[in-house]
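Q: In case you want the letters, here they are:
Protein chains: 2
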Amino acid sequence: MKKISDSTISRLSKYYRTLGRLIAQKVKTVSSDEIAEIDGVTSAQVRKDLSFFGTFGKRGLGYSTADLQHNIGKILGLFKKWNVALVGVGNIGHALVDYQEFKKQGFEIKLLLDNDENKIGTKVGDLEIKSFSDAPTHLEDEKIQIAIVAVPANVAQKVVNSLTDAGVRAILNFAPLSLKVPDGVMIKNENMSIELEALSYFLTNRRK
Amino acid sequence: MKKISDSTISRLSKYYRTLGRLIAQKVKTVSSDEIAEIDGVTSAQVRKDLSFFGTFGKRGLGYSTADLQHNIGKILGLFKKWNVALVGVGNIGHALVDYQEFKKQGFEIKLLLDNDENKIGTKVGDLEIKSFSDAPTHLEDEKIQIAIVAVPANVAQKVVNSLTDAGVRAILNFAPLSLKVPDGVMIKNENMSIELEALSYFLTNRRK
DNA sequence: AATTGTGAACCTCTTCACAGCT
DNA sequence: AGCTGTGAAGAGGTTCACAATT
Numbered sequence: 008m009k010k011i012s013d014s015t016i017s018r019l020s021k022y023y024r025t026l027g028r029l030i031a032q033k034v035k036t037v038s039s040d041e042i043a044e045i046d047g048v049t050s051a052q053v054r055k056d057l058s059f060f061g062t063f064g065k066r067g068l069g070y071s072t073a074d075l076q077h078n079i080g081k082i083l084g085l086f087k088k089w090n091v092a093l094v095g096v097g098n099i100g101h102a103l104v105d106y107q108e109f110k111k112q113g114f115e116i117k118l119l120l121d122n123d124e125n126k127i128g129t130k131v132g133d134l135e136i137k138s139f140s141d142a143p144t145h146l147e148d149e150k151i152q153i154a155i156v157a158v159p160a161n162v163a164q165k166v167v168n169s170l171t172d173a174g175v176r177a178i179l180n181f182a183p184l185s186l187k188v189p190d191g192v193m194i195k196n197e198n199m200s201i202e203l204e205a206l207s208y209f210l211t212n213r214r215k
Numbered sequence: 008m009k010k011i012s013d014s015t016i017s018r019l020s021k022y023y024r025t026l027g028r029l030i031a032q033k034v035k036t037v038s039s040d041e042i043a044e045i046d047g048v049t050s051a052q053v054r055k056d057l058s059f060f061g062t063f064g065k066r067g068l069g070y071s072t073a074d075l076q077h078n079i080g081k082i083l084g085l086f087k088k089w090n091v092a093l094v095g096v097g098n099i100g101h102a103l104v105d106y107q108e109f110k111k112q113g114f115e116i117k118l119l120l121d122n123d124e125n126k127i128g129t130k131v132g133d134l135e136i137k138s139f140s141d142a143p144t145h146l147e148d149e150k151i152q153i154a155i156v157a158v159p160a161n162v163a164q165k166v167v168n169s170l171t172d173a174g175v176r177a178i179l180n181f182a183p184l185s186l187k188v189p190d191g192v193m194i195k196n197e198n199m200s201i202e203l204e205a206l207s208y209f210l211t212n213r214r215k
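Heads up: the protein sequence lines correspond to chains A and B, in order.
Note that this note's numbering has the first sequence beginning at 8, numbered continuously upward.
Note that this note's numbering has the second sequence beginning at 8, numbered continuously upward.
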């Protein structure tokens, strides 16, 4: 399989959601130009992104919203159910457990791990917090494929090492630092400070 | 001022944090190669990123951790205090209020806005939730420069329009869709679903 | 000897522009 | 006539490689 750029993949996610809204509005057909306008990109970009995976439109007519959404969903693997573990049940962790958007997209949090004795055994929603020291067993029992890491920066690398040793191949990291993972493991970072600092830069340096 | 790419700015944020940790470890001097290794980039990239803003190192010796961190902080505008409003005090909003990382970096949440009658007037930490219908007044009173938008997708564009009309020039958006802002306004998106879907794509399509 | 700062080469991603379908 | 799909051109970002400096 040809290497597809990260930006193409994240734009496909956007198109997917845009198509979802169009379908909810009973729109049956859409052009690359309309998708582009909604998502703030060019129409050539939309067509090029799709062209890496096949031909989904009809010349002269555009795309069927339902078909295109389905096709992008298949490309992204969104019709599978993904079992997710959340490591670190602090502020952010709590919010993520309650965040309904994930479950809608097939990402189900099935395991909560923490190393705080006071939290272990307590429940968040339906889920009991388990001890991180037993991570390998729990990860296997729940057939976890994706881990969300929301632990303090100073332990994040250790946590990620344990997870990859236990066979986790996909990680979403909320700790604000760069982490190393072995080949064959993908890690994505969610770092709000970086975005805020980009805003700070913008406000500081605009005009002139 | 020459246009600097978003990726350069976000790497500068990373270097800034990396330098912070090195300083905490009493490291006085660092080479571009060491920074690069920690942050998973090339040393040429580190030097090139810095070169857009000046010359901060000593040939043969490397960089003073303290000086370089200070200089990057100045570039990013991190020594200013930024007054931040949080719009939409739901799950994510709550987590953000409690998230200490922001305040450490000079981003202080000074205003909470919501349109839910049951929430208005209640407190989160020290802050009372105010009505979004009075946003312009509150934004001005608190001298808000940055707004974090954590409202449902279907009202996000309306909220952003009100904010920009009221003079807000920098927005961090958590709603999972693309929003339009006028020229001169910067909006950054924090969209966890996109990152998760990239992981889904990776798990679905790896190995041929 | 070590490491920076940077022009030039390289590579990747985006946009153009148009042939080809419907 | 309208819109897709795509090769080619263009723009932008990254890496190379080396002169300059400590």
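Hints in this document: simulated from the structure, not taken from any laboratory.
Misleading hints may appear alongside valid ones.
The list treats identical chains as interchangeable, and a pair is accepted whether it falls inside one copy or across any two copies.
[To be verified] Cut-off 30 Å, straight-line C-alpha distance, at most; resulting in silico cross-link-like pairs (DSS-like, lysine-lysine):
| hint | residue 1 | residue 2 |
| --- | --- | --- |
| 1 | Lys33 | Lys187 |
| 2 | Lys187 | Lys35 |
| 3 | Lys10 | Lys55 |
| 4 | Lys35 | Lys126 |
| 5 | Lys150 | Lys187 |
| 6 | Lys33 | Lys165 |
| 7 | Lys165 | Lys35 |
| 8 | Lys81 | Lys55 |
| 9 | Lys81 | Lys195 |
| 10 | Lys130 | Lys9 |
| 11 | Lys81 | Lys126 |
| 12 | Lys126 | Lys33 |
| 13 | Lys65 | Lys150 |
| 14 | Lys111 | Lys126 |
| 15 | Lys187 | Lys55 |
| 16 | Lys33 | Lys9 |
| 17 | Lys87 | Lys10 |
| 18 | Lys110 | Lys165 |
| 19 | Lys10 | Lys130 |
| 20 | Lys10 | Lys126 |
| 21 | Lys35 | Lys87 |
Q: With reference to the structure, classify each hint as holding or not holding.
A: Now the hints, each set against the structure:
1. Only between protomers do Lys33 and Lys187 lie at most 30 Å apart by alpha-carbon distance; the minimum there is 23 Å, versus 45 Å within a single protomer.
2. Taking the shortest alpha-carbon separations for Lys187 and Lys35, only the inter-copy value of 24 Å comes in at or below 30 Å, while the best intra-copy value is 45 Å.
3. With identical chains, the CA atoms of Lys10 and Lys55 are at most 30 Å apart both within one copy (14 Å) and between copies (26 Å).
4. In this assembly of identical chains, Lys35 and Lys126 lie within 30 Å of each other by CA distance neither inside one copy nor across copies; the values are 49 Å within and 39 Å between.
5. With identical chains, the CA atoms of Lys150 and Lys187 are at most 30 Å apart within one copy only, with a shortest distance of 23 Å there and 40 Å across copies.
6. Taking identical chains as interchangeable, the C-alpha atoms of Lys33 and Lys165 lie at most 30 Å apart only when they sit on different chains, with a minimum of 22 Å there against 49 Å within one chain.
7. For the identical chains of this complex, Lys165 and Lys35 are inter-copy neighbours only, at 25 Å across copies versus 49 Å inside a copy, given an alpha-carbon limit of 30 Å.
8. For the identical chains of this complex, Lys81 and Lys55 are intra-copy neighbours only, at 18 Å inside a copy versus 39 Å across copies, given an alpha-carbon limit of 30 Å.
9. In the homo-oligomer, the alpha carbons of Lys81 and Lys195 lie at most 30 Å apart both inside one protomer (21 Å) and across protomers (28 Å), since each shortest distance falls under that limit.
10. Proximity of Lys130 to Lys9 under the C-alpha cut-off of 30 Å is found in neither arrangement, the shortest distances being 44 Å within a copy and 52 Å between copies.
11. Taking the shortest Cα distances, Lys81 and Lys126 never come within 30 Å of each other, neither inside one copy (38 Å) nor across copies (40 Å).
12. Within a single copy, Lys126 and Lys33 get their C-alpha atoms no closer than 46 Å, and across copies no closer than 34 Å, so neither meets the 30 Å cut-off.
13. Taking the shortest alpha-carbon separations for Lys65 and Lys150, neither the intra-copy value of 41 Å nor the inter-copy value of 52 Å comes in at or below 30 Å.
14. Taking the closest pair of Cα atoms, Lys111 and Lys126 come within 30 Å of each other both inside a single copy (27 Å) and across two copies (26 Å).
15. Proximity of Lys187 and Lys55 under a CA criterion of 30 Å is satisfied inter-copy only: 23 Å between copies versus 32 Å inside one chain copy.
16. For a Cα distance limit of 30 Å, the shortest separation of Lys33 from Lys9 qualifies neither inside one copy, at 35 Å, nor across copies, at 45 Å.
17. In this assembly of identical chains, Lys87 and Lys10 lie within 30 Å of each other by CA distance solely inside one copy; the values are 22 Å within and 42 Å between copies.
18. Taking the shortest alpha-carbon separations for Lys110 and Lys165, both the intra-copy value of 28 Å and the inter-copy value of 26 Å come in at or below 30 Å.
19. Taking the shortest Cα distances, Lys10 and Lys130 never come within 30 Å of each other, neither inside one copy (42 Å) nor across copies (49 Å).
20. With identical chains, the CA atoms of Lys10 and Lys126 are never at most 30 Å apart, being 42 Å at best within one copy and 48 Å at best between copies.
21. Taking the shortest Cα distances, Lys35 and Lys87 sit within 30 Å of each other inside one copy (25 Å), while across copies they are farther apart (50 Å).
In the structure shown, a violation is registered for the earlier hints numbered 4, 10, 11, 12, 13, 16, 19, 20, in ascending order.
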